[in-house]
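Peer 1: With chain A fixed as given, assemble chain B onto it according to the hints.
Chain by chain, the residues:
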Amino acid sequence: MSKEFQAIVVGAGPAGSSAALTMARAGLDVALVERGNFPGEKNMFGGLLHRMTSIEEVFPDFWERAPLERHIAKKGTTFMTDAASFHVQHETASFDRTPYNGYTVFRPKFDRWLAEEAVKAGVTLINRSTVEDVVLKNNRVQGVTIVGRQGKLSAPVVVAADGVLSFTALKAGLRRPGFNPDQMAVGIKALFDLPKEVIDDRFGLVRDQGFANEYVGCTGGVRGGGFLYTNYDTISVGLVVHLSSLRASGKTPYDLLNAFLEQPQFTKLLKGGRLMEYSAHVIPEGGYAMIPELYGDGILVAGDAAALCNATGVNLEGINLASHSGILAAKTVVEAHAENDFSRKALKRYKDRLDLSWVMKDLKGFRNAPKMLHIDRIYNEYPELVCSMMEHVYRIDGTPKVSIPKLIMREVKEKVGIKNAFSDLLTAWRAL
Amino acid sequence: MNIDEIFDFTSFTIDREPHIVLDDKVCAGCDVRGCTNCCPARCYTWSEAEQKMTFVYDGCLECGSCYVVCQRNAFTRWRYPRGGFGVSFRMT
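So the protein lines, in turn, are chains A and B. full-length UniProt numbering applies: residue 1 is where the first sequence begins, and numbers increase by one. full-length UniProt numbering applies: residue 1 is where the second sequence begins, and numbers increase by one.
Only chain A is shown next, with the shape it has when bound in the complex (with noise of 0.2 Å):
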């Protein structure tokens, strides 16, 4: 196969979608370059999909069209030790009207329905094809070539949204060939069948109402955390590690998952449930701070790709800035052909448009997010010091009780110490 076009996005995530809707919808001859055997065959994530402002724009009626699972109604964090749970939990009636903030999907038929549209729209998509460089020529890039259908395609501009990992930007020198596992997590995830009624009974739901729940405390002291969401008619439940911990920790994540599904108060909610999957992939955790080169001769980066990932320790935020970024970047493309300029500086014009995003603004603004999310006390010794004086408020045995200012000293004195406690504390306070 050899073929031209106006522009290729390489990967049918969000943000490959979202890019390649945007430029056909503009009048570009767009080839959008998918390995799977569909767009989203390869994609997973743990289950919640945040509004998405952008993509609304282009379907008004979104939560209408998507295919999305259940929105989420109520969302809670619960820490954990192996025998005790303390639970938190907001919930609100705004988020139970249009427009959602948030829905569990899944990726196999949400990215399929988004790469669809987009050729409702007039792209080109490619399937089975997986790409194996950039063809450079006078040091720009100017086309991919692919593997599985072999071949090459060629544009003047390429868009890579080819996940965490993008060997598209690496072939094209925007991304540096290593990554710290520091900046990095691995996500496992494991599907349960229930049946509807039986999710709605357990987690207090009605109608389409979906549950959002993490999970701290529940990683064996490895740096991350657990999820739960409810589908439609199936629950996702599952682990995120940072990568560098877990190598330190010599645990497999598997059996961390194990032991967190086999935790007593956690039990109970997956009884009768049938495993139907089992996934897992990396996530770029190390926020404003490992973020690429975004734009080179004749290639912008977006999504994940772009490490365009939020993650706070209070919100998972991902889809909505692969999306969003993808927008970002096929305007940029659609004024570049209107000018018939492609190189490096015109293309600057993406980061900009990205830093005067709410995108940017975020990743900027939680920039010290990841460090707050090393600190390894927050994985073992907070949630075992939350459960602990809870128990001590709750229990009634005959003793005098304690107020509860003097407990939360004597329990920060016995498992963390003051000091300790402070210096959390004020990262905390810097990173949230």
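Derived by calculation from the structure, the hints in this document are not laboratory data. Where a beta carbon is used, it is the ideal one built from N, C-alpha and C, also for glycine. You can take every hint at face value.
As a list, the in silico BS3-like pairs of lysine-lysine whose alpha-carbon atoms are at most 27 Å apart:
1. A:LYS251 <-> B:LYS25
2. A:LYS251 <-> B:LYS52
3. A:LYS137 <-> A:LYS171
Computed spacing ranges between beta-carbons, pair by pair:
4. A:ILE404 <-> B:ASP8: 48 to 58 Å
5. B:GLN51 <-> A:LYS361: 49 to 59 Å
6. B:ASN73 <-> A:LYS348: 28 to 38 Å
7. A:THR399 <-> B:CYS30: 50 to 60 Å
8. B:THR54 <-> A:GLY204: 46 to 56 Å
9. A:LYS137 <-> B:ASP24: 33 to 43 Å
10. B:THR54 <-> A:LYS152: 32 to 42 Å
11. B:SER47 <-> A:GLN265: 35 to 45 Å
12. A:GLN150 <-> B:VAL56: 25 to 35 Å
13. B:PHE7 <-> A:ARG367: 32 to 42 Å
14. B:GLU17 <-> A:GLU116: 22 to 32 Å
15. A:GLU197 <-> B:ASN73: 45 to 55 Å
16. B:ARG90 <-> A:ASP397: 48 to 58 Å
17. B:VAL56 <-> A:HIS374: 27 to 37 Å
Peer 2: Below, chain B alone, put in the same frame as chain A:
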């Protein structure tokens, strides 16, 4: 849960050509071997008796963990499977 079962629930279209190839001489000189515990699919096995690393690619989830944690750059090849091959997530 029997954790061994978990690996049987994912679908694959296996390419006859491996997408990841190791230089096992490099692995033999590594004392960290983060790949063996970080790989979520148990693709890496270190044999103490033979002092040899084995990588089996058929169950690879293409997650990228080994690529990130390898300290010795032991890969003579690390790429995604050719288009159409490899792991196939259906619902995830």
